Amino acid sequence: MGDIKSALDRRILIIDGAMGTMIQRYKLEEEDYRGERFKNWKSDVKGNNDLLSLTRPDIIKAIHKEYLEAGADIIETNTFSSTSIAQADYHMQSLAYELNVAAAKIARQAIDEFTINHQPSTINEKYIAGAIGPMNKTLSLSPDVNNPGFRSVSFDEVSGAYYEQVKGLVDGGVDLLLIETIFDTLNAKAAIFAIKKYFRDTKKPELPVMISGTITDASGRTLSGQTLEAFYTSIAHARPLSVGLNCALGAAEMRPHIEELSKLASCYTSAYPNAGLPNSMGAYEEEPEETAHFLEEWAKEGFVNIVGGCCGTTPEHIKHIAEKVKKFEPRKLPLVETAA
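Each residue of the sequence shown is one higher than the one before, counting from -7 in the working numbering.
Certain hints may be false.
Mimicking DSSO-like on lysine-lysine, the simulated pairs with C-alpha atoms at most 30 Å apart in a straight line are [unchecked claim]:
no., residue 1, residue 2
1, K129, K31
2, K57, K318
3, K34, K159
4, K255, K324
5, K188, K159
6, K195, K97
7, K19, K311
8, K38, K129
9, K129, K97
10, K196, K97
11, K319, K292
Quick list of the computed label-pair ranges, beta carbon to beta carbon [unchecked claim]:
no., residue 1, residue 2, range
12, R17, A210, 30 to 36 Å
13, D104, G27, 21 to 27 Å
14, E279, E251, 20 to 26 Å
15, E277, S211, 20 to 26 Å
16, R29, T225, 44 to 50 Å
17, A210, D50, 37 to 43 Å
18, N139, A210, 27 to 33 Å
19, G294, Q16, 32 to 38 Å
Just so you know, the hints here were simulated from the structure itself, not pulled from any lab data. All values derive from a computational prediction rather than experimental measurement. Backbone N, C-alpha and C fix where the C-beta goes; we use that ideal spot for every residue, glycine too.
All chains should be modelled from the sequences, with the hints used to inform the complete structure.
Structure follows, in structure tokens:
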């Protein structure tokens, strides 16, 4: 893998778009998710998109390749919910490690096949980001409105589940680790702890870590109540490669928060908004040209180093974004004073 920092200093990098949106296009049924291996599984598994890395790897690889063709420099593994805690919804806790290894290998196959079909001189280096989602249980919020102090999971349980995920992603061959869609910073801190512990335990070279939070509404706060500045301060100790925002908001609503983050962060910044806000039916209607227009402005203003799309975005969105931002210089890192 080429040095991603030198790439980030030269140009704005493109991260891929939504995985779920693309999977929906295949109109899969229960039997597609089950495959032969899980034909007699005791519970329904339709909707467990991460499972497709085992039962329909052809679909996941095809989606990765569509994003690579669209101009993505960074593709995310299909592992947003590949922890034992999240997989418990389907009684598939034991598959967590295997899901992460498989997803990372599929992403690598997609890049290898893409590279074979293109002249090396015509393409940039491609990177695999191991996607680490926020989980379906939180450390900061009680699931019981009548008992604010109750937690359905402990810090050790969350960090342990993330540790297993990190091990799978690294063993599968990812280039980066991406802690994304953070609405509970304590969960993110558990992921950071797990990553640091894994590399300390294994003595392997640490992989760069990308961190991406979620501002849930116009208040400019995360779901667990932090302002953007508080969120950044809470995770800065991890010395991430990049910090950014994704999901929850469309680009129009995300703009002021990206501008603020670009002034706060001493590292690279990333932004991958949804394709607008969902309509009454939960669908995203913002056209690729519209999303690209917003991100073009962010690039022109010097707010970003990495851009892409989240919910509702497609390879067409990524293609338009890549085309619009390529003429702009990446955001320059601020000069950090050091003690004499």
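Taken at face value, is the distance from the CA of K31 to the CA of K129 at most 30 Å? 28 Å, holds
Could you check the hint for me, namely that G294 and Q16 are 32 to 38 Å apart, CB to CB? Holds, at about 35 Å.
I want to verify a distance hint. Is the separation of the beta carbons of E277 and S211 within 20 to 26 Å? Between E277 and S211, where Cβ atoms are some 25 Å apart, the hint holds.
Can the restraint linking K188 and K159 be considered satisfied, given a maximum Cα separation of 30 Å? Between K188 and K159 the Cα gap is close to 12 Å, so the pair holds against 30 Å.
Taking 30 Å as the top limit, are the C-alpha atoms of K129 and K97 close enough? Holds - the C-alpha atoms of K97 and K129 are around 27 Å apart, at most 30 Å.
Distance restraint hint 44 to 50 Å, applied to the beta-carbon atoms of R29 and T225: Given a distance of about 45 Å, which is inside 44 to 50 Å, the answer is holds.
Is it true that the C-beta distance of A210 to D50 lies inside 37 to 43 Å, as the hint says? 41 Å, holds
Given a hinted range of 21 to 27 Å, is it respected by the beta-carbon distance of D104 and G27? 24 Å, holds
Range hint compliance [Cβ, R17 to A210, 30 to 36 Å]: Taking Cβ atoms as reference, R17 and A210 lie about 31 Å apart, which means the hint holds.
Does K57 pair with K318 here, judged by a C-alpha cut-off of 30 Å? 20 Å, holds
Straight-line alpha-carbon gap K319 to K292, limit 30 Å: Roughly 9 Å between the alpha carbons, so the hint for K319 and K292 holds.
Taking the beta carbons of N139 and A210, is their distance inside 27 to 33 Å? 29 Å, holds
Checked against the numbered hints given earlier, the structure satisfies every one of them.
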